[in-house]
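Mind docking chain B on chain A? Use the hints.
Residue numbers (our numbering), protein chains in the order written: chain A, 1 to 219; chain B, 1 to 258.
There's no promise every hint is true.
Here are some of the chain B residues that sit facing chain A, going by a computed Cβ distance under 10 Å [claimed, not checked]: (1) Gly25; (2) Ala33; (3) Gln36; (4) Glu128; (5) Leu132; (6) Glu133; (7) Ser134; (8) Leu135; (9) Gly136; (10) Arg236.
What the hints contain is simulated information worked out from the structure, not anything from laboratory work. Here a beta-carbon is modelled for each residue, glycine too, at the ideal position from N, C-alpha and C.
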Amino acid sequence: MEFAVKFDNVVADELQEKVSFAVTGRCMTAAVTARQEENELLVRLMLGLARPLSGEIALLGEDVCAASEKALNALRRKVAVVYPTGGLISNLKVWENLVLPLEYFSVCPQGEIEERGMSALQRVGYAGGLMELPGHLSLYARRQVGLARAMLLDPELVIYDEILAGLSGDQRDAITGVMETFHRESPGRSSLFLTANKDAVREIAVEARIAIKGSSLHD
Amino acid sequence: MLAPLVEKVSTLIDYLYDLFEMILGAFPNSLSAIRQGARPVLSVYLRQVYFTGLEALKIIMVTALLIGTVVITQIISIAGGGSESLTGKVIVWIVVRELAPLLTSMIVVARSGTAIAAELAQMKIAGEIDYLESLGIPCATYLIMPRILGVATAVLLLTVYFEVAAVLGGFLVATLGWHVPWEQYSQGVFSVLTMSELAASLAKSALFGLFIAAICCRQGLSVGRSVTQIPQAATRAVMQSLFLLFLIDGVVSLFFLL
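So that you can see chain A by itself, here it is in the shape it has in the complex (with noise of 0.2 Å):
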């Protein structure tokens, strides 16, 4: 797989430009963009939750235009993105939140899951109640949730989107720091961080940086 995500002259509703850019597998890319909000935009065009007008967008080799909804599914499933919030669902408590793909789709034993769990909260740090719900949770607490959850998917691609964005210095040391460790773990483990922020991919050690403008592709 040479690229993990492709964009080749995307149109969407709320693109200003067309985009096209390429991450390349088993890296560290970071991805800057015009605007915050055309994050959120991308990560759904990549995943297959919003349809470009014209364009081609591929994942993980995958042609995510020309996907039926059965196999989109089973592409998301490879794929784990950190949103800005967490991506916490606010009616399940956080360790319900946490185990909620495992659970699903019946990927081990319950014991093996509750295990796996407890390892992937500790790894990030997080000290909060299991049984808390996100609401009540800090920024950073949610992040925290979200990247265990991200990391007990094993994912092929994993997409962090304005990850450190509102966190102090310490935060985005350990946040980082997690990132990068679970980045290394697996050889042919791709990582796209998207933020709007330049000054934010400097805290990150990645292999490639691109900007994301329009049709341009900045290496």
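Structure of chain B alone, referenced to chain A:
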């Protein structure tokens, strides 16, 4: 003059078709969820039964007792003394056939229908539907199917409780107020309480439950990005559910009459 009417009827048919599709889609989804052993889906279903069924039990029982009292009082005031077996018959005709499924469903619409529509609308606006889909978890299987089946189960069970409470409540009032003996009252009740009466009542309540949940889910998920759309979705869900309740009630009653 006829064109707008035809358009409205055609829109209604399209809408009903969408709801049918949503409800029918829930059953294969439930089978695939069971096959997968999806505990979270079962958890959503049980929570829905708990919130819609168990939490509404108290209000349903109180309403049923009051309805039983009102119906018995009216029958005796119209028919006068010596109408002991008639009281039992009329309470079955009125409560079991009509009021129990209808009033139970109306209470469920007011309590749970609004809650479902508002909860799903809030989830949609907060992007949580996308969060689920991005995990590869289809919204139809995780959010819609357990809610539809959960509400239908709850309405069915609540209707049975309503009927029992109304019949017993009616007897309590009849015996305390007019010294109606249990033998004569029960004779009246059981002479008209046939299997087809019960089947019609339960079929109605199951249909009501399925459609209430489908309408509320549909309205909840139809919002855009503004939080002001949440109360609008809840209001639409209630109004459309009530309209459809009366429509289904009429159709099912006609079906069983014919």
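Agreement of hint Glu128 (chain B) with chain A interface, Cβ distance less than 10 Å = Hint holds; Glu128 (chain B) Cβ to chain A Cβ min 5 Å, cut 10 Å.
Supplied contact hint for Gln36 (chain B), tested at 10 Å Cβ to chain A | With Cβ-Cβ at 6 Å, under 10 Å, it holds.
Grab the minimum C-beta distance from Leu135 (chain B) to chain A and call the hint holds if it beats 10 Å, violated otherwise.
-> holds (5 Å)
Verify the interface restraint on Gly25 (chain B): the C-beta must sit less than 10 Å from at least one C-beta of chain A.
-> violated (12 Å)
With chain A as the partner, please determine if Gly136 (chain B) meets the hint condition of a C-beta pair closer than 10 Å.
-> This hint holds: Gly136 (chain B) lies near chain A, its Cβ roughly 4 Å from the closest one there, short of 10 Å.
Chain A contact restraint for Ala33 (chain B) - C-beta distance below 10 Å = Where the cut-off is 10 Å and the nearest Cβ of chain A is about 9 Å from Ala33 (chain B), the hint holds.
Taking the closest Cβ pair, is Glu133 (chain B) under 10 Å from chain A?
-> holds (6 Å)
Report holds or violated for the interface hint on Ser134 (chain B), using the least CB-CB distance to chain A and a cut-off of 10 Å.
-> holds (5 Å)
Does the CB of Arg236 (chain B) sit less than 10 Å away from some CB of chain A?
-> violated (22 Å)
Taking the least C-beta to C-beta distance, is Leu132 (chain B) closer than 10 Å to chain A?
-> For Leu132 (chain B), the interface hint holds, since the closest Cβ of chain A sits about 7 Å away, which is under 10 Å.
The structure fails to meet hints 1 and 10 from the earlier list, while all remaining hints are met.
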